[in-house]
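*Asks:* Spelled out, the chains give:
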Amino acid sequence: MSAQTVDAEPMAAVGQAKMTARDVDVYYGEKRALHSVDCDVIENEVLSLIGPSGCGKSTFLRCLNRMNDTIDICRVEGNITLDSQDIYDKELDVVQLRARVGMVFQKPNPFPKSIYDNIAYGPRIHGVSSHKDDLDGIVQRSLEGAGLWQEVKDRLAEPGTGLSGGQQQRLCIARAIAVSPEVILMDEPCSALDPIATAHIEELIDELRQNFTIVIVTHNMQQAARVSQKTAFFHLGELVEHNLTGELFTNPKDERTQGYITGRYG
Amino acid sequence: MSAGILFALILLVAFSGYFIGRGRSLSVAGGAMADLHSLPSYYGLYIALWVGVPGIFLILVWLFLEPIIIEAMVLSSIPGYETMTEPDRQLALATVRNLAGGIGIREDTSADLLAAASRYTGLNSTSAWMMFAVGMALAAGTLAVTYRHIATEMRARNRVEAIIRFLLVLCSVIAILTTVGIVLSLLFESLRFFARVPPQEFLFGFQWSPQIALRADQAGASGAFGMIPLFAGTLLIGAIAMLVAVPIGLTAAIYLADYAPARVRAIVKPVMEILAGIPTVVYGFFAILTVAPVVRDFGVMLGIDASANSALAAGVVMGVMIVPFVSSLSDDVINAVPQAMRDGSYGLGATKSETIRLVILPAAIPGIVGAVLLAVSRAIGETMIVVMAAGLAANLTVNPFDAVTTVTVQIATLLVGDQEFDSPKTLSVFALGLVLFAVTLCLNVIALRVVRKYREKYE
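First to last, the protein sequences are chains A and B.
Using numbering that gives the first Met the number 0, the letters of the first sequence correspond one by one to residues 0 to 265.
Using numbering that gives the first Met the number 0, the letters of the second sequence correspond one by one to residues 0 to 458.
Here chain B stands alone, though its shape is the one from the complex:
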């Protein structure tokens, strides 16, 4: 755990650097505080940041590069390395790592591997000491250099601001790079999938049955990858969810924004937000245990052959889940319509409902559309409820009493358990994820555009 100790030490140096810098600035000023460009604490922060940030950065980079370099060095020391295949190399490395950890040493273990293992151990401890030494030297060096920088005319405040700005930019870059990384990995794995299954078959195929036959005589394993039934199922459930969520959410928002007295609003709004905070898995078993049987009985009553896992049950529960989302966003939008619009309408003798119908809603409609689109992209991406309530049968149907499956359900089921990552069955997950991502991205972009366009109108 030398990295942990080094980390603590660097923090300690940085911390004391703060007081050293502060004291130094005071002594440089010679008691005449007004001569200092910045407050003493900025000189302290200047040193602390310069000691702490590069030190921690060094540890992170070191820990990232260390295994890569050491493993390459160990591998190249094993005789016959040039002739090994990639899996053999990985196997050799794993053995070496185990041997170094004292696992699996037997009489017949090859001397080459034992030598490599001791080399591995040696390199690791050398690296640990080197990291410690370099880290402490860096901390001491930056401390010394920055200490000498301190002078009355040195603009410590501006420099500290610059460092802080750099840190802020760094963090946002990390967030962006993570997104880019996820998208790229989706993209590349999808390309591997499309190398096995042609894109047109995936995008326009009507048959989804990802089980691939291992033997010719195996039943129920056709290995078809047409995503149309999955998207049809997703859209069916999403549509049912929106049919529930939009009317309820919107009317609730109208009530809250324009009818509810302040006291009711103060209670109802937080309660709605609690509804939004219920974990989706709870909605899921609510769907399968409570709603699904009711839907099935209802279907039987109507004389329709209703499946136990119906699209209707999953869709309705998903709709309920989205209600607070729609109502909260719409409420904001409706409240953003200026009071002057309401006054103008009331002043002409319009009633409350006329005002809402003819003035408020038309003015708020772009924002409401944006809210609904965001809700749709949420419904499409929702997983847990449909995993539990919607079923796995990839039926191409518009009958809400039938069982359907969705993109997210298939992704979840295909990845549960052990998987081989070279079969199209597993790789199809990435292609599905990519298409799902593209759809929700488009919806979000449109929604945000619509919302922004609306905002420009009043502010």
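Excised from the complex, chain A in its bound form:
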């Protein structure tokens, strides 16, 4: 299987692998959703996962912080590490893992609480800070980090659900960075947003790369080209090609990749 994966040499040049996946298989009941996926996520880079619907890219993303654990019939095999530590180790605390590997979802899902409480949720449950001033600081920095501070600083007590779709999604990003994760997983974060809000989020992703490692699932190939350094193409549960983004889009090694990016199928 892995023989089909085209790992191009120029990739090896920079950065250090933050997360590695080796020979990952995922089953939903009897159905096999991922076939021996090997993939590295490099520190302070953005990795895009692209591919047609049902190809397994979201499944792979959800393996990286064990969100698949919440699905009863899902079974993950193989080896995934974060900083060389096996995240499927029995000893590992999944709660700790998710604090280090945060997630932003397809549809903005702010809690039905105030903007402030949405951001403070993570720091509070992890006991990062009990002090009001510290918490205020975290909320402000997180909102600034998500480019939302200027818009909401005067109405932190209002419900997060009252914001527009794009603002809600940035609120969710702020909520994720408030727990200071090392990796942020984004599952089609812009698919429910209009083009202006999408542009906002894309800029934000580029800025976030300074401090975080990001994996993003997207259906929009222009978006993948714009925001990511590496791109991985999934097809029918296989990782077909994984390369520098520019390389993958201009010079795909596999004909399935070429077919997909030129719009012949998918």
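Quick caveat, the hints were computed from the structure, so don't treat them as lab data.
There could be a bad hint or two in this list.
Unchecked claim - Result set (SDA-like, lysine to any residue): computed pairs, CA atoms no more than 20 Å apart in a straight line:
1) 268(B) - 112(A)
2) 351(B) - 91(A)
3) 351(B) - 124(A)
4) 106(A) - 70(A)
5) 106(A) - 268(B)
6) 131(A) - 357(B)
7) 112(A) - 335(B)
8) 351(B) - 94(A)
9) 112(A) - 360(B)
Given the structure of chain A, go ahead and fit chain B onto it with the hints provided.
*Replies:* Just chain B now, with coordinates in the frame of chain A:
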């Protein structure tokens, strides 16, 4: 039983009307089905409905008006009718009815009444024949008229839909009118009660003792109608019931919604629903035979003078009865919180209990409050358990080991056996019912509002 025969005949005509209409539409179309506006069966239904519905309606109206009109006619034929009082008239009518049925004919029966009785019999049989004739004429008439309506361009489908809509509206109107009727009867009888007992005495009185002295020297019959002890008892038992039902029901709902594997859920949910299906009378004897002695022994152990019919026993059993109600409603509400909320919380590294405590429950709280309010109004209206287990003593107390009585218990006991409907003792039932109705109505309205407000948030 001419009404029954007429009913069957009208149904028969309607039934054959269906086939007649269907056949007629086909022959009108002359084999060219595409020319017909509607499918042939709609033409059949059109005739059948027009024959059946007015016919049955006629029978119902006739049966309702017949006795009223005939009795008025018979009464007015009795000599000296103008000078009779209302009870005398009722007595005369009852005699006439008996005589017509061949009961109580004696040598000394007055000729006037015998004449009235034969008139009564005659009118009844005339009416029966008239109903039969009018009914059949109506059926035949509507059949003929609707038959002539049938034409290729006639919109039978639309007309059938209109008739069906009318029938649906009629049925819902009946449901609403029944409710209105019950409320009005409660209201008017309560007014009769308040004419005898002042409302302020009823609403704010601390003494409930509905036995009225017939003689001055009678003991234990003070005739006081203060409802406060009854409502205090109702609230005490209701509060105990909620103390049992809400924690158990809610935690069960949380377990079922967020913890239980699908297999456990598939078993536990139906079992809970069986618990909801146990008749309250069974809970009642469970309360009095099993729980009450335990409570009394427990009270004795604590050194409290516990009554055999304690509020605690009734309240606890009522709470158990309400558990499935609370858990099933709360389970729905908790499940209605979108999965995205859970994902968002888990994605931030929250544990299951943190997610439930900090995200799911706050989001579900309006719905849970609604569920609890509905449960409260159920507890307040519950009768059988408290009749059996709570006792009759109208004590004003908050001691759960004491015997208390509730509004529903008093209503039930006051109406058991023969009653005179002009004494405040019996009439007080309507006032109690009215207040109970008002309380539960308010609770239900608040509960439904809360629930609806919550629904708007996510859907």
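*Asks:* What hint numbers does the structure not satisfy?
*Replies:* 1 and 5
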